[in-house]
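Chains R and Y are the protein sequences, given in the same order.
Note that the numbering used here gives residue 330 to position 55 of the first sequence, counting from 1, and the numbers run on in steps of one.
Note that the numbering used here gives residue 241 to position 231 of the second sequence, counting from 1, and the numbers run on in steps of one.
Treat the hints as calculated values from the structure; they're not laboratory data.
Treat the hints with care, since some could be wrong.
Per the computed footprint, the stretches of chain Y lying under chain R, defined by three or more beta-carbons under 8 Å from a beta-carbon of chain R, are [said to hold, decoys possible]:
1) 46-55
2) 103-109
3) 127-138
4) 259-266
Partial selection, computed: residues in chain R whose CB lies under 10 Å from chain Y [as the list claims (entries may be wrong)]:
5) T403
6) S520
7) V584
8) M636
Derived Cβ-Cβ restraints for the label pairs, each shown as a range [to be verified]:
9) G129(Y) / E551(R): 55 to 65 Å
10) G160(Y) / R772(R): 28 to 38 Å
11) I135(Y) / E471(R): 51 to 61 Å
12) L56(Y) / P519(R): 30 to 40 Å
13) V607(R) / I59(Y): 29 to 39 Å
Think of the CB as a built atom: it goes at the ideal place given N, C-alpha and C, for glycine as much as any other residue.
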Amino acid sequence: MRITTLMTTLLSTVALGSMAAAADLRIGLNEDPDSLDPAQSRTFVSSLVYESLCDRLFNTNIDMEIIPELATDWSWSEDGLTLTINLREGVTHHDGTAFNAETAARVLDRNMNMPTSNRRAELSSIDTAEATGEHELTLTLNGPDVTLLAQLAHHAGRMYSPDAAEAAGDRFGAAPVCTGPYSFAQRVEGDRIVLEKFADYWEADEYHYDRVIYQPIPDTTVRLANVRSGDLDMIERTAPSDVPSIRDDARLQLFEVANIGYQGITINIGNGPRSEGPLGSDARVRQALSLSIDREALNQVVFEGQYVVGNQWAAPGTTWYDESDPVPARDVERARELLAEAGVETPLRIEMQTGNAPVAMQQGQVIQAMAADAGFEITLRATEFATLLSENVQGNFDMSQQGWSGRIDPDANISAFVGSDGANNDQHYRNEEVDALLAQARAEPDPEARKALYDQTRAILKEELPLIYLYHIKYFYTLRDGIDGFEPYADGIIRLRGVSG
Amino acid sequence: MTAAVTLTADAAPAPRRNRTWGKLKKNKSAMVGGFVVVAFIIIALLAPILPIPDPTLTDWGKIRLAPSAEHWMGTDEIGRDILSRMVWGARASLMAGVISVLIAMAVGVPLGVIAGYFGGWTDQIIARATDALLAMPFLILAIALAAFLGPSLTNAMIAIGLSAVPIFIRLTRGQVLSVKTEDYVEGARAIGLGHTRIMSHYILPNVFPPILVQATLTIATAIIAEAALSFLGLGQQAPQPSWGSMLATARNFLSQAPWMALWPGAAIFMVVMGFNLLGDGLRDALDPKEN
């Protein structure tokens, strides 16, 4: 048995080795994607694979503005309740079936109705999706929703063959059939996802590799070693601590881009008995904690100063950032005063949950040491990330180091986290005023008026602090020398159009 | 052998202890092992009075400094003195090794004696349960138990201790089986002594030497297990130091700060080697067939 396994491994290694000589591009990923069914995916990393596999109705340009992809143009009705989208002609699915308004409507129907779909909330404003022409798709809404285009520029707008999806049902993710520049060839869970060039792609000339191979390698050091040794051509999410040495390496290229998401601490305010301590019940204690953290030092110590410090879901200097509330400096004195005002006996013991990635634990220890100066005694509990999320949902936490990869529409960066019904409101924060402001903002087409509404929520949130925002990451990509045409995007998604060498 | 009837266990060990020590002294590698072990024990015991900084004291201005006069082993990823963390880490490692083996012996040896002495159904139940546990690799069992108990150094010690229990049951039971037919045990039974007294005064002292050897060797395994659990985040919790967790962090800075991995790696290697050499030496010294 063991010999057979060994032989198979050897043979496949030899086979892979010889095939790699063709124009292959090997990309190292930070983690293995979940299901490759666009209706079911919930991870960021799956977007990286989808970008070569499944086109979306809308994409974003390098400035994170929405542009058409499988759509060619679109128009809104006067009342904002009907969205008409014209679709690209001459597009074929990987199984040879034609892409048109009818297949697009069926895909949206499946995304909205399949019980195991994770797209239902994102598309909840759609009442019906109909083909009103060969290439004209009409969406009727049950209420105005300015976030819809952004949803159709994400997982929810990725198009696939409805015939293949119907035949495969829940198992569609095991062998997805889409319309992208590359078609699905093979997946070995935890090891690799192999895509092959789709000759009938509508823009096939822009894609220069015969195969794209994605390999999940969670350890950043190992991932970097693989691109250094030439076993990988490109890696995403390089560790900031490795950045200086990559800059000095002539055989490597480094690309960086500020991410549109945020990282911070989520505090249990109303989710079960663990929210009832001083931290969960008194905003002054949370303010004290926030003031005890030196965000700049945290950035320097853990991330080599490569990230951007922050105090809001939007990064300083970006469109949605509220300039009236700048990043606070560390103030241990004030933090102590606040704790005294709150009548808290110090040291105040609190548990902070962190992911078990080394950087997350390092960050946890820095916060632990900083908060100790103000009178907090933080114990750290490191768990694997999926466990952390599920425990947060169940309310089994005092506070938790969490982050968000970010979406181009602001609503998706805030409503889900502080809205009373928010899917990611693990801390069970409830504030009717915030809910009302968020609902108003969701229906407000004028960006300036919309920003004013978000600024009003900021004024409330910075006092109540259900989330302490700390910093915004940058995505670092390391490529071997010789690859041309790569550009990093703020959403972190790797686009291979025009990439060669 | 007739002499043993009168000597029994109370008197027997004295001459043997001298002979054992004599043999051990002549065994060079055992002495080297013993020296290493003693040295680490002294360092661990002296940790509170040594002139070293607090192992959890951070300094944001001194991140990952190379070894220097001020920080003999350098500083770590959040500016703590590595020498101090190594010294305090030695405490955690040695304590974990010794305490988990004591736990294993406290549970395993009595069960082994009972199984071997009484035989029959008692033996069947204990021995089969032991076999079942032994079928599981030691470290896997320890990881599973530690994950179940929750991450902390105490729980890691309990997990490692419980995982090592079957080794001691099996060893003790085997020894008891060979000893219980000896004349002096028969004699003790003949003069009407109770089971408890026979087990504690006649059998236990005579099966103890191999258990001692096993204990020394198991301490080495337990130290590695503690390092492994801490490496995985299931042992010593931050910010308290442990060689295993230090290694886990150092792994991310292998190219930028290799010394961070060097010290804990070397220390684990030396202590484990020390205990192994000492254990081997003890085995030879306690073996009555070897001269």
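- Query: Does the Cβ pair G129(Y), E551(R) satisfy 55 to 65 Å?
  - Reply: Roughly 57 Å apart at Cβ, these two residues keep to the hinted range, so it holds.
- Message: A closest beta-carbon separation below 10 Å is what the hint needs, so does T403(R) meet it against chain Y?
- Response: Where the cut-off is 10 Å and the nearest Cβ of chain Y is about 49 Å from T403(R), the hint is violated.
- Item | Cβ separation of G160(Y) and R772(R), checked against the hinted range 28 to 38 Å | violated, 49 Å
- Cβ distance range 30 to 40 Å for L56(Y) and P519(R), holds or violated: holds, 39 Å
- Item | Satisfaction of the hinted span 29 to 39 Å by the C-beta atoms belonging to V607(R) and I59(Y) | Roughly 31 Å apart at Cβ, these two residues keep to the hinted range, so it holds.
- Measuring from beta carbon to beta carbon, are I135(Y) and E471(R) in 51 to 61 Å? Given a distance of about 59 Å, which is inside 51 to 61 Å, the answer is holds.
- Item | chain R covers the stretch 259-266 of chain Y, three or more CB atoms within 8 Å, holds or violated | As far as the stretch 259-266 of chain Y goes, the hint holds, because 7 residues have Cβ atoms under 8 Å from chain R.
- For the stretch 127-138 of chain Y, do three or more residues have a beta carbon lying closer than 8 Å to a beta carbon of chain R? Check failed, 0 qualifying residues.
- Message: So, as I understand it, the hint says S520(R) touches chain Y; can you test that by seeing if any CB pair is closer than 10 Å?
- Response: holds, 6 Å
- Verdict on chain R covering the stretch 46-55 of chain Y, where coverage means 3 or more residues with a C-beta closer than 8 Å: violated (count 0)
- With a cut-off of 10 Å, does the beta carbon of M636(R) approach a beta carbon of chain Y closely enough for the hint to hold? For M636(R), the interface hint holds, since the closest Cβ of chain Y sits about 6 Å away, which is under 10 Å.
- Hint check: 10 Å Cβ-Cβ cutoff, V584(R) to chain Y: With Cβ-Cβ at 14 Å, over 10 Å, it is violated.
In summary, the numbered hints that this structure violates are 1, 2, 3, 5, 7 and 10.
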